[in-house]
Amino acid sequence: MNKKAKAFRAALPYTLPVFAGYIVLGTAYGILLNSKGYSIIWAVLTSLFIYAGSMQFVSLSLLAAGFHPFYACIMTLTVNARHLFYGISMLSKFQGTGGKKPYLIFGLTDETFSILCSATPQNEIDKGWFMFFITLLDQIYWVSGSILGSILGSIIHFNTNGIDFVLTALFIVIFINQWKSATNHIPVLTGLGASILCRMIFGASDFIIPSMIAILFIVTVFQNKIESENTTCHLQ
Amino acid sequence: MPFTIGESVLFFGIISLTTIVIRFLPFILFPENKKTPGYIAYLGRVLPYTIIGMLVIYCLKDISFTASPFGLPELISAAVIIVLHLWKNHTFLSIGAGTIMYMLLVQFIF
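Protein chains in written order, with this note's numbering: chain A, 1 to 236; chain B, 1001 to 1110.
Next up, chain A with everything else stripped away, as it sits in the complex (with noise of 0.2 Å):
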């Protein structure tokens, strides 16, 4: 088997959460965008071309307030700001991957990074393909669902209220192992409890900017407590 597929083969699994989550959130998308009036052709080109699902029913609802394409940049940079912690948190890991790093980058979607973050594959699979078949795979997934959801319309309905709890699901399993790998739990704890403080003081629309500056100051002002305990990132 050569390099490619043994890859492709070993990416698979890890995304199987993500498929689930991708297809339902994307189907809900495509259903979101049909009734704004907007065709499968809409769909497939939003999801293929900014790929960044909050950001994706974010837009929606900035269609019914006018067109103001300043606004919508703006939005833009504070609703995907953390996608700059995950872009830092990678440098090292994508160092080597030639022609595939642009899409790395492009896919590091919350789900994707999560996965690349935590996924350990065996020591003779490729990594650079390894993580190309994943962001690939779920920017699959999420493609797929926007056009389901657009082709279903609103014609039919389907029971999956809850179903989007996969993501969560994921990321809490994803936070148990990584608390469990942690020599130093300061991190982890950090990101929770800045996170919370500053939901509970900024509200749920405002808060994930604000816990950015929290952590940042926070693991800076720590830097040589943290450091001086191993921590790492698995995929290496």
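Keep in mind the hints are simulated off the structure, nothing from the lab.
Hints may contain errors.
[Said to hold, decoys possible] Keeping only pairs whose Cα atoms sit at most 30 Å apart, straight-line, the calculated DSS-like set for lysine-lysine is:
| # | chain 1 | residue 1 | chain 2 | residue 2 |
| --- | --- | --- | --- | --- |
| 1 | B | Lys1088 | A | Lys101 |
| 2 | A | Lys4 | B | Lys1061 |
| 3 | A | Lys180 | B | Lys1034 |
| 4 | B | Lys1034 | A | Lys93 |
| 5 | B | Lys1088 | A | Lys100 |
| 6 | A | Lys93 | A | Lys225 |
| 7 | A | Lys225 | A | Lys6 |
| 8 | A | Lys6 | B | Lys1061 |
| 9 | A | Lys4 | A | Lys127 |
| 10 | B | Lys1035 | A | Lys93 |
| 11 | A | Lys127 | B | Lys1061 |
| 12 | A | Lys101 | B | Lys1034 |
| 13 | A | Lys127 | A | Lys36 |
| 14 | A | Lys100 | B | Lys1035 |
| 15 | A | Lys36 | A | Lys100 |
| 16 | A | Lys225 | B | Lys1035 |
| 17 | B | Lys1035 | A | Lys127 |
| 18 | A | Lys225 | B | Lys1034 |
| 19 | A | Lys36 | B | Lys1061 |
Following the hints, complete the assembly by docking chain B onto the known chain A.
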């Protein structure tokens, strides 16, 4: 469609470009062929451990403890996931059972 075709292309195009710029920015600022500053490399090692916790809270951000159902479906399902995962350490079992539990709770109980 609330916008014309041209406006729509511009609107979604801006969102796409802005997202791409954010995702590429760290890699443009700290390219492979230059040594990444120690502090940034440190952030790269430590941030993954902080962000997943932030994502969990991000997913649970809309629950309210002051109005029915008081976040109970989320808390019960999260507890199921945590207990199952610590006990069996099987990713699909934990995610599957937690999600089904949540769906049952929101569809039939709360």
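Evaluation of the provided hints:
{"no.": "1", "hint": "Lys1088/B x Lys101/A", "verdict": "36 Å, violated"}
{"no.": "2", "hint": "Lys4/A x Lys1061/B", "verdict": "39 Å, violated"}
{"no.": "3", "hint": "Lys180/A x Lys1034/B", "verdict": "34 Å, violated"}
{"no.": "4", "hint": "Lys1034/B x Lys93/A", "verdict": "15 Å, holds"}
{"no.": "5", "hint": "Lys1088/B x Lys100/A", "verdict": "36 Å, violated"}
{"no.": "6", "hint": "Lys93/A x Lys225/A", "verdict": "24 Å, holds"}
{"no.": "7", "hint": "Lys225/A x Lys6/A", "verdict": "40 Å, violated"}
{"no.": "8", "hint": "Lys6/A x Lys1061/B", "verdict": "39 Å, violated"}
{"no.": "9", "hint": "Lys4/A x Lys127/A", "verdict": "10 Å, holds"}
{"no.": "10", "hint": "Lys1035/B x Lys93/A", "verdict": "14 Å, holds"}
{"no.": "11", "hint": "Lys127/A x Lys1061/B", "verdict": "34 Å, violated"}
{"no.": "12", "hint": "Lys101/A x Lys1034/B", "verdict": "16 Å, holds"}
{"no.": "13", "hint": "Lys127/A x Lys36/A", "verdict": "41 Å, violated"}
{"no.": "14", "hint": "Lys100/A x Lys1035/B", "verdict": "21 Å, holds"}
{"no.": "15", "hint": "Lys36/A x Lys100/A", "verdict": "35 Å, violated"}
{"no.": "16", "hint": "Lys225/A x Lys1035/B", "verdict": "24 Å, holds"}
{"no.": "17", "hint": "Lys1035/B x Lys127/A", "verdict": "22 Å, holds"}
{"no.": "18", "hint": "Lys225/A x Lys1034/B", "verdict": "27 Å, holds"}
{"no.": "19", "hint": "Lys36/A x Lys1061/B", "verdict": "26 Å, holds"}
Taken one by one, the earlier hints fail for this structure at numbers 1, 2, 3, 5, 7, 8, 11, 13, 15, listed in ascending order.
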